[in-house]
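> In the order they appear, the protein sequences are chains A and B. No gaps in the numbering here: position 131 of the first sequence is 131 in our numbering, and each next residue is one more. No gaps in the numbering here: position 36 of the second sequence is 1036 in our numbering, and each next residue is one more.
Calculated from the structure, these hints are not laboratory results. Please note that the accuracy of each hint is not assured.
To be verified - These stretches of chain B come out as covered by chain A in the derived footprint (C-beta under 8 Å, 3 or more residues):
#1 1015-1024
#2 1070-1083
To be verified - Chain B is nowhere near these chain A residues, computed Cβ spacing over 10 Å in every case:
#3 Ala-113
#4 Met-114
#5 Leu-118
#6 Leu-120
Ideal Cβ positions, reconstructed from N, Cα and C, are used throughout, including at glycine.
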Amino acid sequence: MPLIGALPQPISSAPFVLLVYLVLILLIGSALASVLLRNTLYGIAAFAASMVLVALLYLAIAPFLLVAVQLLVFTTVSAALLIGLLRATTGIRASRVGRLSPEWIIGTAVSAAMVALLALVLGATSWPVVACCAVSESLGFALGNTYAVGLATLAVILGSAALGSGLLLLAPTLPSARGGGSATSRSPGGEGSRTVRR
Amino acid sequence: MTAGLNLVLVASAALFAVGVFAVVARRSAVVMLLGTQFMFMAGALAFVAFGRFGLGATHATAGAAMALFAGAVAVAELAVGLAMAALIYRDHRSFALDADRG
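Chain A on its own, in the form it takes in the complex (with noise of 0.2 Å):
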């Protein structure tokens, strides 16, 4: 038996290394845009369609746990949470770009050559049956068995974070050198906390 198995070739279909290259290179644009961009918002969905673009190369060479995972879970909650910390502080406001502006159109076609991209392989390729269904029953056994104290140590720090951030957003903050703060404060009475400006 060899140590460590036999090597696993690299991907030669070519409609799927097309892909993988543009699903590489929207992926470093879409994560340049989005510490590039001065909008917050815009920087925050260039962020989600990062997170989306790593779980679409994910599905051509992980298994679909880790594809289902980080779309439907990672992306949601990160995406979320950035959201959550605008509208509770900047707030949302529409976008001043028009529909017919060159923003739109440019990310109308991007949009629109990965979907014909995408269709591309889906014809030509069996993929991502084929990738999918082999390997994510092994990652499961392997997350149950063999992976289970960091799981459960995994299910620690999410809660520890979740309790912590809770425990920050209710914390009262200090008053700032110029003014400008507020604070949070616990009425002797037990009535409930309530905001003081200063």
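Given chain A, work out where chain B should sit, using these hints.
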């Protein structure tokens, strides 16, 4: 033309560089948090690439498992970081992190 380990690792390195740029060069706390997310994402991508192309059949799921853990830790870090960003905004009416802001 093939797509193998080298291609995904180059993309992972580029993604990590974007994250480092966001953390080092930008002032907004939200963009810095996005930068740390990109660094986590790059690490997870490298784990998956090694699991798919580099480790062999007996370790095919190890990289994916590590990527799952890295993603979950990234989400936890994002939750705490966003709570801190909300506190910063509540106090200064801005997400900017400046040492000389006063």
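> Hint by hint, where does the structure go against what was stated? Just the numbers, ascending.
Those not satisfied: there are none.
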